[in-house]
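When you get a sec, could you build the whole thing from the sequences and use the hints?
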Amino acid sequence: MKTAYDIILRPIITEQSTEHVDIKKYVFEVARDANKIEIKKAVEEIFGVEVMKVTTLNQKGKKKRTGRYPEGSRRDWKKAAVKLTDRSKTIEFFEGLV
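In terms of numbering that gives the first Met the number 0, the sequence shown has 66 at position 67, counting the first letter as 1, and numbering is strictly consecutive.
Just to be clear, a hint being listed does not mean it is correct.
[As the list claims (entries may be wrong)] Keeping only pairs whose Cα atoms sit at most 27 Å apart, straight-line, the calculated DSS-like set for lysine-lysine is:
| # | residue 1 | residue 2 |
| --- | --- | --- |
| 1 | 61 | 78 |
| 2 | 63 | 24 |
| 3 | 35 | 52 |
| 4 | 23 | 77 |
Calculated from the structure, these hints are not laboratory results.
The model shown is predicted, which means the values in this text are computed figures rather than measured ones.
Have a look at this one:
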């Protein structure tokens with residue numbers, strides 16, 4: 000059985016994702032085989048918050064070249080945007096970024 004730390008891999012900290020911190024919306028990289036229910040339970044367990052909505056997105060890896068002929072690609076990954084309820088506390092990790 001997977002733990003919550005196997006599902007939530009890392010936070011996504013970009014300019015666009017930090018703009019939504021004031022409305023309690025946070026973005027994480029998650030395991031590719033995780034579903035919305037597992038992501039919701041993992042975030043609630045790790046951070047002790049109440050999750051209202053989870054939105055997921057499968058991100059395809061970009062094509063990259065390292066020379067003249069060899070062409071590879073970055074790995075595919077999954078992103079989850081988590082919206083917290085109004086009465087829920089904020090996630091402390093993201094507070095210093097705003």
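Status of the hints after comparison with the structure:
1. For the suggested pair residue 61 and residue 78, the alpha carbons sit about 15 Å apart, so the restraint of at most 27 Å is met.
2. Distance restraint check for residue 63 and residue 24: the Cα-Cα separation of roughly 31 Å exceeds the 27 Å cut-off, and the hinted pair is therefore not satisfied.
3. Between residue 35 and residue 52, the direct Cα distance comes to roughly 9 Å. Compliance with the 27 Å bound is thereby established for this hinted pair.
4. This hinted pair checks out: residue 23 and residue 77 have alpha carbons roughly 20 Å apart, not beyond 27 Å.
When held up to the earlier numbered hints, the structure conflicts with hint 2 and nothing else.
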